[in-house]
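Novice: Below are the chains, spelled out letter by letter.
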Amino acid sequence: MAVAVRDDVQHEQQEAIRAAVRDVCKDYPDAYWRELDQRQEYPEAFVRALTEAGWLAALIPEQYGGAGLGITEASIILEEINRSGANSAACHAQMYIMGALLKHGNEEQKQRYLPKIAAGELRLQAFGVTEPNAGSETTRIQTTAVRQADRYVINGQKVWTSRFKQSDLMLLLARTTPYDDLTDKTRGLSVFLVDLREAGAAIESRPIDAMVNHSTNELFINDLVVPAENLIGEEGMGFRYIIDGWNAERILIAAESVGDGRWFVDRAVKYANERVVFGRPIGANQGVQFPIAQAYAHVEAADLVRYKAAARFDSGQKCGAEANMAKLLASEAAWEAANACMTVHGGYGLATEYDVERKFREARLYIVAPINNNLVLGYLGQHVLGMPKSY
Amino acid sequence: MNIIVTIKQVPDPDIPPIHFKVDEAAGKVVPPPGVAPVMNGYDANALEAALKLKEAHGGRVTAITLGGQEARDTLKRAVAMGADAAVLIDDPNLREGDSFTTATALARAIEKVGEYDLILCGRQASDTDAGQVPLGLGEILGLPTISPVIAIESTNGGVKAHRMIEDGQQVIEAQLPAVMAVSSEIGEPRYPPLRGIMMAGRTQIPVWTAADLGLDDGSAAPKVQLRRLYIESREQACELVDGDTPEEIAAALAQKLREAKLI
Ligand SMILES: Cc1cc2nc3c(=O)[nH]c(=O)nc-3n(C[C@H](O)[C@H](O)[C@H](O)COP(=O)(O)OP(=O)(O)OC[C@H]3O[C@@H](n4cnc5c(N)ncnc54)[C@H](O)[C@@H]3O)c2cc1C
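From first to last, the protein sequence lines are chains L and Z.
With the first sequence counted from 1, adding 18 to any position gets you the working numbering.
Counted from 1, the second sequence has number 68 at position 77 by the working numbering; the numbering is strictly sequential.
Mixed in with the good hints, there may be bad ones.
Result set (EDC-like, lysine to aspartate or glutamate): computed pairs, CA atoms no more than 20 Å apart in a straight line [what the hints assert, rightly or not]: (1) L:Lys44 with Z:Asp64; (2) Z:Lys43 with L:Glu70; (3) L:Lys44 with Z:Asp3; (4) L:Lys288 with Z:Asp5.
None of these hints come from the bench; they were simulated from the model.
Using the sequences and the accompanying hints, generate a full structural model.
Specialist: Now the structure itself:
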């Protein structure tokens, strides 16, 4: 009984969160996103509105000025953003990068940064992991950080560093021990919190022209000096810290994909009911109706796994299997829904003013990034099913 | 400055007109299925004005609603936006009322809350657009009442209201307490922030019945008799005025307008 009451209160709060996020999104309709997409611009006004209302500080504990909510609630926020036709990619990283600072940062680091992040004065939403020679195989990164007295000097190159220009702080993974000197290849990497306001010319960025409006960049790092106090946790343990954040990231991405999937299904159903061809709505044809229904079922199924993963995460249980499955299933269900929606719209699906082609491009990203689904399957095969390592 | 804001929950005015339905036999609006009701727009403006006054001068903001249990969501939203407390008046005998019933119930509830300097209402509600409650409230409570208000300034011991009139603004000074019916020009309501939503989740909202307000004697019974509730039908026709020269077209148009008694 007590549990039921608590569930009720929690459910009511989650519904209130949903409604309030929808409210913000309502002021940023399709046309806003379409125009930004055409101009390849960052949704500054939208992100500011979300930040000011505290949405991006959902995971920051209350003692640092955040809301202290769980990954379930955080994932609802991102789901609703994507479900409204908007794109969480502009701001989701603050939520999943946060984990490394929250879990492995020391008290001084948390005091220094978290209240300002919660208040919206600082943005921590750039994550420099991927390199030209190290994508899926993170342990192969080549960017080096060399300790000199009370500071590190960092040199190297990153690629696909998203929101770099819209961030004050970047979480950066760099090598502190050469690969060949390591017996355990998962060691030797370290995580730094880089204050981009002080980086100056030491980081040169070049925007990558991409299929999606994602504000993503190549970075060239030359003698970037980072104070040793900005090392997160222990030197050499960085890869573990990044892995620790993966489950949260997978769950959040799954929720975004669920949001996308529902958006596609809604739009597909609406168009199928409205468009009349051969004297009847196209939705009266099974060939049109079934792919939408099938995608709907898959989105709903993925959503259940996503909630299961989030519940396990929030209650401190192991959730690697569920989080990975949620990301896999949701990204594929969203993509299935995207295809169904595109097909239903016929030629009009390709017209920018229907927004389907924009969302179609955006939804496709989550099959490959932040992790590609092949590696998710590799994880399941090895860690859940006990087959040999395949990657 | 302690402020009470009266708030009504209304059907979402942004729904497409075809989804707006009335049950003529029952004389009621049928709530559109699947679309959550919302806080009346002008009431949200009034709440925003109250929150700004509170931020500048301190005090408490209390939101009051007359409505069913579902109106709790709207009060929670008011708390999430920044109201310090909320009260729901809910009683089967008050549900079917008119503007008089509402004004009476709100007036009694405001007296029961007790401490107030200013009462802010929306200028009208988007469901009925009657705009009667603020004036009724002022009458029942015997307070100066100003409508529609587009700016409020606190003066020494009183308040200055900018009232919208046809060709400009009228600036009125009033003693407190006073009632003001606020218009949208006063400023866009804020989004409820996440912390506010969490706060609202923990806030207890008391429910006051007609008996709690001394209104179980029928003294708030409606004065208005609803004869018929219906959606008026509008007919539209389009006619193209033809002619060989612009002058001929203009003459033909003038002729048609005269026939339609429009000029
Ligand atoms: C828009 C966008 C934004 C991004 N933002 C960021 C960011 O902010 N920060 C950041 O660090 N990174 C970011 N990334 C990078 C992203 O994380 C990588 O693209 C992703 O991890 C895949 O790496 P890769 O592109 O090098 O692919 P690769 O590792 O080169 O893989 C290429 C292909 O080979 C397959 N493959 C590789 N190995 C195996 C195997 N053993 N078994 C089966 N299949 C395999 C993969 O499935 C994949 O399809 C972003 C990427 C994009 C596209």
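Novice: It remains to establish, for every hint, whether it holds in the given structure.
Specialist: So, going through the hints one by one against the coordinates:
{"no.": "1", "hint": "L:Lys44 with Z:Asp64", "result": "18 Å, holds"}
{"no.": "2", "hint": "Z:Lys43 with L:Glu70", "result": "16 Å, holds"}
{"no.": "3", "hint": "L:Lys44 with Z:Asp3", "result": "13 Å, holds"}
{"no.": "4", "hint": "L:Lys288 with Z:Asp5", "result": "18 Å, holds"}
The structure meets every hint from the earlier list without exception.
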